[in-house]
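*Asks:* The lines below spell out each chain.
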Amino acid sequence: MADATADLAGASPAKLTTADGRPLKSALARAQAKARRRAFLLVLPLLLFIVLTFILPIGQMLHRSIFNDGFAANMPQLTQWFVDNPVGTEPDESAYAALAADLKSAAEAKTIGVVGTRVNYEMSGTRSLFTSTGRKAKNFEPPYMQAVLEADDKWADPQLWGTMRQVSDAYTANFFLAAVDLARDTEGKIVQAPEDRRVYVMLFERTFLIAGLITFLCLLLGFPIAHLLATLPLRYSNLLMILVLLPFWTSLLVRTTSWIVLLQGQGVVNNTLVATGILTDDTRIQMIYNQMGTIIAMTHILLPFMILPLYSVMRPIPPSYVRAARSLGASSWTAFRRIYLPQTLPGIGAGALLVFILGVGYYITPALVGGASGQLISNLIAFHMQDSLNWSLAAAIAAVLLAAVLVLYWLYDRLIGIDNLKLG
Amino acid sequence: MKKLLILSTALTGVAASTASADVTVMSWGGSYAVSQVEAYHKPFTAETGINVVSVDADNPATPIKAQVEANNVTVDVADVEYADAIRLCDEGLLEEIDPAILSAAPDGTPAMDDFLPGAVTDCAVATIVFSTVFAYDSSKFSGEKPDSIADFFDTATFPGKRAMRKGAKANLEMALMADGVPAADVYALLETDEGVDRAFAKLDEIKADTIWWEAGAQPPQLLADGEVSMTTAYNGRIFAAAVTEGKPFEVVWDGQVYEYDLFVIPKGAPNLEEAKKFLTFATDTQRLADQAKWISYGPARKSSGALVGMFMDGKTEMGPHMPTSEANLTNALASSYEFWVDRDSELNERFNAWLAVN
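Taken in order, these protein sequences are the chains called A and B. Residues in the first sequence are numbered from 1 upward in steps of one, following the UniProt record's numbering. Residues in the second sequence are numbered from 1 upward in steps of one, following the UniProt record's numbering.
Excised from the complex, chain B in its bound form (with noise of 0.2 Å):
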């Protein structure tokens, strides 16, 4: 019965794995997957020779589960979000990490009190701090330019088309922040009928000119191609494209919504021992600290902080494009697992019929 679902639960996606004992990585693709590949796997297989083959989803957390549901599964490790890593630990899919095969920092302080608050789980290891805000075409605004989130749905004063990614998380949070609902009372508005029908009747404001992304590397295509003039993203993509490919994009930090990517190893993993082994090494000091070289997310440990520098062109400082530097955290929220791993599924239905309707 297993193998037959297997084969009708065709949704992986994934290529099967290696024979050898490679370790299979899943992550979100597009620069994201790039900063990965060349912060931890390429170190990882120059030191150990174990190599590790990097494999792309929308969302990671969603193959996982389809394939330790299906018992099937071709993943050693996967890089998820915060609420799913939560939820996936409740529900028995993924392996516990023991905080001891952590790496302590090089000045000797334990891993639990190196990493940041909460972003060594159960069963997941943050490796960044991630946000979610959003990003304009300078080119397409000559007088006043959006500085705040309030900006992003005033299509009256900033014309355009704007675009959001297809799913409640962030957008609502967003949407109540543009209606001036400080940062920290909007998950509490959040938990009431009236907070949600406020964060929809805003984003009622802008649904008719707004296109509707699913995966991290369509937000900046869609500025390229002139297709939106504002656009919700993931911070490190709108960087990559504005300062590797010289893009006029620019990044508003006010009303950000940030929280960290986690690493987990899915129940029954083919290389759990080699997964363990990358683990530890991706998440150490130095390897966080390299990963800023090549995406604008912040390291998730404490001691990575100082060995950030430069980004890999060797002139961009990469200080001021991190979500948690000093001054883009004036306005800004930390997403909250517990609200979404309750509300998930509700708050998209809704999502998805309020999409639906005309």
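Next comes chain A alone, as it looks inside the complex (with noise of 0.2 Å):
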């Protein structure tokens, strides 16, 4: 200690260093980075936890919405003649031997039918064309172009040449024009898709009315319950939180059915209404398998999320206030409107960006009691994730409906400010 001292008395004051004679600067970073690097290994495990269960599956997913190589990587040559010769070009004997050569390993390879699926998610009915046409290819001799024509002379059709040209190249937007209604046509322009396909922009705008429905009425009946919890005696409001949390803590599906049990035709609710003169039979009324019951059981199944965050917001806004300014001349209306509501706004907002956000991606609900009225864009996702496993399409529909999301997410932080945002 003399020591340091002793040096600390010799050295130009500027220049601080610690017992040991290290300089003060850096043996304090050394420290602070010790404690950083501790944190750090607190937070590892969550932060791999989300970079392995979140935002690697979601590059995953944008990357697959854009890249489909069921072509490319299985008809190798006849995507390097397309790479070689420029669009137009009238496929000739070296395309139809690349052609044929491909159709022979891809068959042998058990491939063939990857090849015609991705074709055929642009040009309909060329799925056999492949398998059929790849289960003869083994026995073709040059030239190969009347072999593969005499197999099936569909092969000359140039619309399949533009197609296959197109699917050629693994990574494509193509998806992504299906997922808001557009398609290429055979020279590669885009055009509307045939109406009688369209359905996918009309969903998406579904999808956020019923959501935006379904906050609404969230936020309208949730509002006077979480006032209620927050300004009753404990034990009255404990009571009534458990009415609030039971169904929170019940299954879903559950809950689903048993609206179903409730709403249909022969359920509760009609059958009451029957019984006591209100309808009659021939009037029961639809509840169920329409937009209808959608937006009730989904209405139901998200009111906690907003009557929790608006509750914890709620309760410890002192009375006081309320009663300050209606002793102050104002009318219970106008306390309410200028007192108590902006204080609750955090809660209000938090709720709403809850509700909507996991209304908009809320599938099972309408799925089960939907029927066609009430169906919604994840619907569309989750029939081509496991129906049509056009996982390619699916990607790129969830991709265009996140993108929707973050760019609400970002109006809402210009119009309110996320920090806004109270949830417990």
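Accuracy of the hints is not assured; some may be wrong.
With a straight-line Cα cutoff of 25 Å, these simulated DMTMM-like cross-link-like pairs (lysine to aspartate or glutamate) come out [what the hints assert, rightly or not]:
hint, chain 1, residue 1, chain 2, residue 2
1, A, Lys-136, A, Glu-108
2, A, Lys-104, B, Glu-69
3, A, Lys-136, B, Glu-95
4, B, Lys-145, B, Asp-254
5, B, Lys-207, B, Glu-144
6, B, Lys-140, A, Asp-281
7, B, Lys-161, A, Glu-108
Don't read these hints as lab results, they were simulated from the structure.
Since each chain comes alone in its own frame, lean on the hints to assemble the complex.
*Replies:* In structure tokens:
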């Protein structure tokens, strides 16, 4: 210690050092780095978890929406021919030779179906052309043009060659085009999809509309309940809170199927109305398997997501504020509007954002109770994931949905401010 | 990367396979799965000691594709429709099945001659012939009963809601037959745009009155709840509800669309040897005949036909309830897998668009 003091006395005042002679600045930095490392190690499991289960899958999804090498990977020679020859080149003998060789090897490797499926996405009815010609390909002899055309004269179709050229590029925007009801014609120009197949834009609109409506309904129903919960004495409010939480803890499927039991044509609600003479047997109300079913069931299921943030914001608001406003002459409406409501805004914002974003992505409930008119865009994503197995299109629609939600989130941040959000 | 895919595509809905060498069989659930458990799984376990786990899916072809592509196969044997079997096989997602492992008929007829035509393909072995039919609740119609496919679309004469499978397959065929197209011309007509338009125009007539089902167990439920008065359904499901539960449901065979259901082995099945053993066992003459004791689907082997007798209640003759019985085939259509492997995505896309627009 004596040495250090001596050193300090001798050194210029700008250069502070620690007891062991190291500059204070670097020693401090090192100590802080150590603490930071330790803190980082603490959050590392969470970070890894989020990267593995959230960021990577989303990246993968985005990649899949623009990447599909079903054709390029399995038809290498023909893909090369497309690279070597510019758009508009008539397929010649060398093209057919490449086609024949690729068909043969793809048929042997059992990947011909993948190729056919990829082309079939863009041009319907071509899948079996690939599989059937693939079966004959092992017997092809030169000249290949003649051999392939003899196997099936559909191979001469210029539209087919145009489509094959398009899909020979593994990276494509076609799935995104399809996700917003656009398509490419044979020359590669972007055009509207045929009218009888336009569905996605309409479903996006419907999804946002219904999610907005559900958010509004949740707010309308949830606000008074949250207020009641926040102002009642604790022993009553706890009991009420359980009534809110109980359905929240119940399985989603159970709640949805309960709504089926209640709302269906021969269900509890209709039967009661008929029994009390309000309705007759012929005028039973169709409350399920349509949009109404989706709205009722989803409002109920999402209601706790509105009540809980509202409650957590309302609870600490001192009742004396409103009383003070009233004593200063404000009407009850003015006191509510000017004093109480502004203080609950962070809760309204949080609840509305939660309900809306959850609502936009809901699919089990609309699938079960939505019938035809209550289907949302997520049902089509599920359809392409599970039925048509066109995962690239599913990824593209999901990416559009994600982008739309991010835009709304950004708007929300600009208009209301994300700092102004209180979840609890 | 593969592992990530497994995590991210959590859509298989299947419990992880168990550690021991159990055979996991994925099927369609409901009374159909029960018939398989009784006719195949239990006797197989009794004979070999290999446990069979039965899991359900709305359409097993979907999880199979997802599992093989994600390289996380938990299913050893799956029960799929014909078009899906062909499609998955062409995409290299299924193990090829050597017909030599199939057992011969009791009289020595080789398996390949004993199975019905087309019932054994490169990757799949048919077990049953099932049919999409329409059925009605007879208590809802006191006077005239529906007896033709056209009646299904006639809500003026036969009021009440309808239910149909949510998808293009079988619905388009039935719509055309109801519109007066002979069964033999249906697929030729559906190849044309006019034909498809005509089918959708026919569906338009009942669109507002129709509820769309997805799982095979739903239609009997919708009928039982009184939610609909008529529904299309897999014939075995209606039979099960009518005979075992005594529901007043009647099947109308006019305009039925029948096809095979097949067993496949997904590529990379964890217990391949056991799966093959199971396949050999389950598709022998006796097993296929036994299944008809539990559900009214026709066996895919000629030699099984003669062994089909009574339903398990011991008093219901199965013959008249089979899709393949002579009387039920007067106006019937064999589903065309060639048509559906090609047109499935296009027509379903159009179907979805049609459905979503009010």
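*Asks:* Each hint: holds or not?
*Replies:* We went through each hint and held it up to the structure:
no.	hint	in the structure
1	Lys-136(A) - Glu-108(A)	holds (11 Å)
2	Lys-104(A) - Glu-69(B)	holds (23 Å)
3	Lys-136(A) - Glu-95(B)	holds (22 Å)
4	Lys-145(B) - Asp-254(B)	holds (13 Å)
5	Lys-207(B) - Glu-144(B)	holds (23 Å)
6	Lys-140(B) - Asp-281(A)	holds (13 Å)
7	Lys-161(B) - Glu-108(A)	violated (50 Å)
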